[in-house]
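Visitor: Read off the chains here:
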Amino acid sequence: MRYVDEYRDAGKARALAASIASLCEPGRRYKFMEVCGGHTHTIYKHGLEDYLPENVTLVHGPGCPVCVIPMGRVDDAIHIASQPGVIMTSFGDMMRVPGGDGSFFDAKAAGADIRMVYSPLDALKIARQNPDRRVVFMAIGFETTAPSTAMTLMRAAATGQDNFSVFGNHVTIIPAIKAILDSPDLRLDGFIGPGHVSTVIGCRPYDFIAREYGKPLVVAGFEPLDILQSVHMLLTQLAEGRSEVENQYGRVVPWDGNLKALQVINETMELRPYFEWRGLGFISHSALRLRGSFAAHDAERIFQIPGSRVADPKACQCGEVLKGVLKPWECKVFGTACTPETPIGTCMVSSEGACAAYYNFGRFTRERVREATR
Amino acid sequence: MCLGIPGEIVTISQDQPDLAMVDVSGVRRKINIGLLEGEPLDPGDWILIHVGFALSKIDEAEAKAALEFLESIGQAYADEIDALRESRIE
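Those protein sequences? They're chains Z and H, same order as listed. If you read the first sequence in the numbering used here, its first letter stands for residue 763, the second for the next number, and so on. If you read the second sequence in the numbering used here, its first letter stands for residue 78, the second for the next number, and so on.
Any given hint might turn out to be false.
What the hints assert, rightly or not - Pairwise CB distance ranges (calculated):
| id | chain 1 | residue 1 | chain 2 | residue 2 | range |
| --- | --- | --- | --- | --- | --- |
| 1 | Z | R790 | H | Q93 | 35 to 45 Å |
| 2 | Z | D944 | H | R162 | 40 to 50 Å |
| 3 | Z | A1001 | H | Q91 | 53 to 63 Å |
Unchecked claim - In silico lysine-lysine, BS3-like type, Cα no more than 27 Å apart, as pairs:
| id | chain 1 | residue 1 | chain 2 | residue 2 |
| --- | --- | --- | --- | --- |
| 4 | Z | K940 | Z | K793 |
| 5 | Z | K1022 | H | K107 |
| 6 | H | K107 | Z | K887 |
| 7 | Z | K807 | H | K107 |
| 8 | Z | K940 | Z | K1089 |
| 9 | Z | K887 | Z | K870 |
| 10 | Z | K793 | Z | K774 |
| 11 | H | K107 | Z | K774 |
| 12 | H | K107 | H | K141 |
| 13 | H | K134 | Z | K1022 |
| 14 | Z | K793 | Z | K887 |
| 15 | Z | K774 | Z | K807 |
| 16 | H | K141 | Z | K1022 |
| 17 | Z | K793 | Z | K1022 |
| 18 | Z | K807 | Z | K1089 |
| 19 | Z | K1022 | Z | K940 |
| 20 | Z | K1094 | Z | K807 |
| 21 | Z | K1094 | Z | K793 |
Hint data in this document are derived by calculation from the structure and do not stem from the laboratory. The structure presented is a predicted model; accordingly, all values stated were derived computationally and were not measured. Note that CB positions come from ideal geometry on N, CA and C, so glycine has one too.
Looking at chain H on its own, in the form it has when it is part of the complex (with noise of 0.2 Å):
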């Protein structure tokens, strides 16, 4: 929850601009990035996020590097990975 996750922005939608679908550990769910304003985003961009919102852009390497720590953690990140699966942003 506060930890942020990476996650790999697939498409950004057309007609919300404020919502990007996003891959994070394989799971695609819709992201808010209202809070990126002004920061270019394009598919195949890197964004941590958190509770649903993307607060800062990062590169490839720090998401990588931040997925193995998540993963290091165990059980917490698989229980946010299990709530974003049930996360249905509009």
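Bound conformation, chain Z alone (with noise of 0.2 Å):
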């Protein structure tokens, strides 16, 4: 495998791990958080923070879409798959996620239609396929999967298919990390920005970030060279007193993103004007919702939704993780009461959380960490 060999080898991963010890400060602590838990996930999985320094800290962010879903909201889809006629459809990931009355498997196990689909498309033909049910699609996520729910909507109402509606729960990416700047709990000295929603967002959104807060992002790939090297340009920056954006993923990431996608969204979605999320409670439009005109197609407005407030379970941290302020490992109930089988906390859940990620992982390095500082 040339190719991977490009990303993963082990004598660059040390010459640069090298280059970003000479340019840090000495005496100066360095802060930066990665977005997206598929980096989370490379971190972990490669145990890259054992090539940095011991002053340069990696935090992970608030990038997992399964993660933020706040338990009410999983309580309001499952009393939208309790009503009659109703098919519940929803991604893989959402099955499991503990909602304050149980999660979309013991809906089911109760008796609720609930199926998994691969593709929002695939909840549509079911809906073509069952004309005398209510075909609902549960729809989360970034900007990742926001337009392809919305080209399903675009189809759904091109041909007319009244038995197909969306309950809506797209989040955008830009309000989190503008709240999280906004918190008091942290001081980030830089972002690692995400790969795959700037393929859609672009690079621009991230402008505030460097002028207004005077942080440098830089856009990042999932390998562990790109990861390494994402740290070394914001050291760089730093060094130099720079703080802009910059795009280490050019070679999947256009500047702009993807228009032709950013398009659609705004076709068939507008921002609402505060959502729920979880571990960062209510934030001012950072959440899509359907826009009138397709309203013959939005569950919320089809159904009565209770809008179910539910508090995190007490035991439970993920709020603190999401906003990196806590490490997984922190948590008072991280691998023992809270365990990917038995999850409690939804950063456990979704293979993209930061619990999981570190639990299937980190232990090991963590350990040997632990045992080097006795």
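Dock the two chains into a complex; use the hints.
Guide: This is the structure:
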């Protein structure tokens, strides 16, 4: 695998690590947030923290779409699923996410017709095949999945598939980053920007982070060397007194994003005044709802939604983990009461969640570090 | 779901130009390519797929690297491929 070796060469990694160390000012501590759960995965899987000097810390951000769904929204979806004639559909990742009153799996076991789909287009097909049923697609995700929901809605409208609707839960990454920047809990020196979200939104929406907050952001790929190179680029900016948006992942991410994808999102959806994020609370203009012109396909207008609000379990500290205030293993229930098999919090449910990533890959390294420092 | 998976275009549908038959880790399924409007696409090209839609065209080197990354994730990628196997986009 010649290609992969280019991104994983241990010699190159060590050379980068040495260069990273030389860029650090003595006595200064650096804290960078990797916004995307995919990056968290790479960092733990490859033990990248071991390549970084002791004064450079990586903290994870809110970029796990399943993790930020508040429990009340799951309860609302289960309420819709239990209405007469309804088939609820969603991605497999949603099935184990706990609501206040159980998960989709629990509701399914209790008799609700809830089906996993790979694509919203598969949900639309189920609607076509079941004309006497009401098929609802629970849409989740950042800008990576919103264009797919948008395209499916346009297809439903064009073909008059009136028994198909969308329960919209799409969130947008920029307001979440802004909320973290405005949070007093955390002092960050820069961001490793999300890779695949940026294929849609491009790099320009991050400008305010550099201009208004004076923090550098580097959009990064998912390979170990991508991450190390991004840290190098962030430190170089800081050493030179710059704060800019840079694109390390130019081989995939166009500077302007995918204009067609942005256009179809805009055609079908608009910003909500506010939306609740798990762990982050209510954030203004941080999520999308269907436009009035798609009311006939909007589950929030078709069904009476209870609008449940459920506080996270007291023991769960997903909120702090999502904001980067706590590392997964610092949570009281990590790896004991909360595991991927019996998750309490969303960060342990999704494979993109920081806790699941750390649980699966991180333990060995952590224990080794502990031993070394004993 | 949030991470794109790479696939290689096998054929592009003549009567439905929005659809392409794509090979993802040996699984051949129809994928919607309507979001890559204006991008010249041919059999043999690689695309990054999110939940049944291609969101960007990538080169072969990137596709191979992305596949390695996804395979390293383990169960999550296996689940994604299983879900794709059930998919029947029209």
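Visitor: Would you mind marking each hint as holding or not holding in the structure?
Guide: Against the structure, the hints:
Hint check: R790 of chain Z to Q93 of chain H, Cβ distance near 57 Å, so the stated range 35 to 45 Å is violated. At roughly 44 Å, the beta-carbon separation of D944 of chain Z and R162 of chain H lies within the given 40 to 50 Å, and the hint holds. One distance hint, 53 to 63 Å for the beta-carbon pair A1001 of chain Z and Q91 of chain H, holds here, with the actual separation near 55 Å. Proximity of K940 of chain Z to K793 of chain Z is assessed by CA-CA distance (about 16 Å); at most 27 Å being required, the pair is judged to hold.
Between the alpha carbons of K1022 of chain Z and K107 of chain H the distance comes to roughly 20 Å, so the proposed pair stays at or under 27 Å and holds. Annotation: proposed proximity of K107 of chain H to K887 of chain Z holds, straight-line Cα distance about 13 Å (limit 27 Å). With a C-alpha separation of about 32 Å, the suggested pairing of K807 of chain Z with K107 of chain H is violated against the 27 Å cut-off. For the given pair, K940 of chain Z sits about 20 Å from K1089 of chain Z by alpha-carbon distance, which is consistent with the 27 Å threshold.
Annotation: proposed proximity of K887 of chain Z to K870 of chain Z holds, straight-line Cα distance about 20 Å (limit 27 Å). Only pairs whose Cα atoms come within 27 Å are accepted, and K793 of chain Z paired with K774 of chain Z is accepted, the gap being roughly 23 Å. Using a Cα cut-off of 27 Å, the hinted pair K107 of chain H and K774 of chain Z is violated, with the two alpha carbons roughly 39 Å apart. Annotation: proposed proximity of K107 of chain H to K141 of chain H holds, straight-line Cα distance about 20 Å (limit 27 Å).
Straight-line distance between C-alpha atoms of K134 of chain H and K1022 of chain Z comes to about 14 Å, which keeps the hinted pair within the 27 Å bound. In summary, the hint linking K793 of chain Z to K887 of chain Z is not supported, as the alpha carbons are separated by about 46 Å, beyond the 27 Å threshold. Taken as a hint, the K774 of chain Z and K807 of chain Z pair is honoured in the structure, with Cα atoms around 18 Å apart against an allowance of 27 Å. Straight-line distance between C-alpha atoms of K141 of chain H and K1022 of chain Z comes to about 26 Å, which keeps the hinted pair within the 27 Å bound.
A distance of roughly 35 Å separates the Cα atoms of K793 of chain Z and K1022 of chain Z; the hinted pair therefore is violated under the 27 Å criterion. The suggested pairing of K807 of chain Z with K1089 of chain Z holds, with an alpha-carbon distance near 15 Å, which does not exceed 27 Å. Annotation: proposed proximity of K1022 of chain Z to K940 of chain Z holds, straight-line Cα distance about 25 Å (limit 27 Å). For the given pair, K1094 of chain Z sits about 23 Å from K807 of chain Z by alpha-carbon distance, which is consistent with the 27 Å threshold.
Pair hint K1094 of chain Z plus K793 of chain Z holds up; C-alpha atoms about 23 Å apart against a cutoff of 27 Å.
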